[in-house]
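Protein chains in written order, with my numbering: chain H, 1 to 341; chain W, 1001 to 1414.
Hint data in this document are derived by calculation from the structure and do not stem from the laboratory. Mixed in with the good hints there might be a few duds.
[Unchecked claim] DSS-like, lysine-lysine: derived pairs with alpha carbons at most 27 Å apart:
1. 221(H) <-> 286(H)
2. 1008(W) <-> 1214(W)
3. 1372(W) <-> 1322(W)
4. 1119(W) <-> 221(H)
5. 1119(W) <-> 286(H)
6. 1359(W) <-> 1372(W)
7. 1359(W) <-> 286(H)
8. 1063(W) <-> 1187(W)
9. 1393(W) <-> 1372(W)
10. 1073(W) <-> 151(H)
11. 1073(W) <-> 241(H)
12. 1119(W) <-> 1073(W)
13. 1173(W) <-> 1279(W)
14. 242(H) <-> 1254(W)
15. 286(H) <-> 1028(W)
16. 221(H) <-> 10(H)
17. 1119(W) <-> 1028(W)
18. 1359(W) <-> 221(H)
19. 1187(W) <-> 221(H)
20. 1073(W) <-> 10(H)
21. 1322(W) <-> 1254(W)
Computed from a prediction, not measured in an experiment: that's the story for all the values here.
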Amino acid sequence: MNLSGCFRSKIPFLLVLFGLLLILFFILNIMIGSVMIPWKDLCKVLMHQGNDPVYNSIIWDIRLPRALAAIFGGAALAVSGLLLQVFFRNPIVDPYVLGVSSGATLIVAILMLAGYTFGIMMISPFLLSGAALAGALGVVMLIVAISARVKQLVTLLVIGLMIGYLCSACSNILIAFAEKENLHNFVLWTLGSFSGFSWDEVGILTAAGTVLLGASYLLCKPLNALLLGEDYAQSMGVNIKKLRIFIVLISSALTALITAFAGPVAFIGLAGPHLARLTLGTSENKILIPATILLGAMITTFCDFLARMAFSPIELPISAVTSFIGAPIVIALLMKRRTSL
Amino acid sequence: MSIIQTRKLAVGYGGRTVVGDINLAALKGQLICLLGPNGSGKSTIIRSLAGLLAPVGGSVFLKGQPLHRIESKELSRMMALVLTERLSPGLITVFDVAAMGRYPHTDFFGRFSEEDKRKTREALCLVNAENLAERYFTELSDGEKQKVLIARALVQEPEVIILDEPTSHLDVKHRLEVMKILRQLTKEKGITVILSLHEIDLALKSCELALLVKNGKILAYGTPEEILSEETVADLYGIDSAHFSNCLGGIELKNSGGASSFVLAGAGSGAPLYRLLNKHGFSIMTGVIHENDIDYHVGTAIRAAVISEKPFEEIRKSALNKAVSLSAQADCIIDAGFPAGTLNKLNVDLARRLLAQDKTIYSLRDPEEARKLFGTNEGQLVFCPTTVDLMEKLKSREAGVIEQQTASKAVCNA
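Same shape as in the complex, but just chain H (with noise of 0.2 Å):
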């Protein structure tokens, strides 16, 4: 009896604890490397005063713009999971289950397996980018224009599903004919990575991530309502058909964002949510959503510390990392739990 109830009062403290994690994590990744940056020599660096340059560079162009990354990628990616999961209803739902990463898988094989054929010679990040973005917001507003049509929220899962299919497909086609030097890259690639941001990148991924994860979290109110379904939610006066284009819409965004930059991250998406549902013993969402931020961005924090340390100086794809910690997580979590999701 009353197990909710001392979950509710754990929970700021949890929020907290999350929190300082997330600032340990980030703080050791900037510190800790193939060259390793003492503590004053890290203050020296970020407050403009070192006076090394070999420390100025490794920190100010290296690992800083990673550590940023993860921590707004990691955010992005598990709230874009909680909205989608909310919305569907379903809790194996993840931010690629509309499409969204193969589309961007899609084009990006088309510009590094076909490219050449096209008459693209150099292959820029900036191009790379660009193009993985061009093929996630193409697959988003084609599911934003399928969702408005839809009755039953299922069809447009199961059209997602069939999206990725037919973008994977093509992409395996051209994997087919691809040669040997392109395809180890392009597999690298469709792994995911934080390593490379530029500081450009990283302004952008910040700007955009803050403002939808600010948008996501206005839609609270109505999320909440939708836990009961749709029918319920529109009888207490939610405007469903806006609220699907806004959730889809703000979802596939978060996803097509860090999609572009970081390539496909697996699992944060699908476990971020449901991590912090499990330690924090709630659903409401003005609490999960912050919640979910401070816990995507620790853990992808922590698994792109693991990927470049591991096995050093090889790094390991960071979609590896994840799952290999995340999913004995959450099956413990869940094995514990008398309470269905």
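Chain W: place on chain H using the hints.
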């Protein structure tokens, strides 16, 4: 003025009419139910009244305004729903589920004022769910969930609550509790309640108006006392294996063939016995029963052969003779242990005559009283202290008869 009214309403999906020509008018504080078999279109009507489904034709008026013209936020302050689908809202407490009803009353961020909290608590108290407030909704039983959903609807502070089969999946206690709560809402808060039901008896006992729906048509609309007759109910559900009795307020399963029994009954001693015999496949004859006796109503409802006498009249010789000749066809005779008084003293005579004809009577009566009433034909009276005992004896007798028949056949063949 009616709170909710429909004019020539036709409901359905995608332009196809499921039920047409619905004209109903609900006043403030009325409890109105929709009755009909599964798939008759009750839910479609409910969804259309709730504005979840656009009508195919005609219109719904809420306080004189056409429903589709009312803005969704305004509508949500006038009308609340309890739907029949099973919910899985995740890790949400009962209080939070009920509190969702404040949706149309809270600000953009859904912030809760003290008043919102108080109203939520009040609603939970009203449905006797205040002690569930801190539990997770998904942990509750079906009955508790239904009460919480009613509280949620109530928290919306509507003038109309529409419920789709609120008593399905519930046990008797919760079914009655839910109906009691709904009645209370209509009486104390003046809320108009419209619901679909499967239980005819509940409809009869708690609703002001009933709308009978079958095969896309409105079969009848009016007070349940008026329209729920034996014929309309049989027609509504297309049942001929059972009969609805308005007077009894319930359904009795129709009696059909089998070993025949004659029951000496009266003053309610027969009713449970008829049902028991019916259940075990006996065909039933009974007499002589006064027409103002519950045994008469149950007997006729299950379609037993009833020899009856006018209310408050002494049983006449003609009725007695009929009973004697009818009982002659019976395979077994049972004395239900009716109280013997002046008006039915001929039933005692009936028993004596049967005993005089060397018949065996299975009696549920106290042996001493039986000897006093029927004389001393000790061997012919088989006393059964309980109905279970009675059924066992009747069954073993039946088995014995069959054995004898096969034995005699065997002898003949030899």
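**Request:** Output the numbers, in ascending order, of every earlier hint that fails for this structure.
**Result:** Violated: hints 7, 14, 15, 18, 19 and 20.
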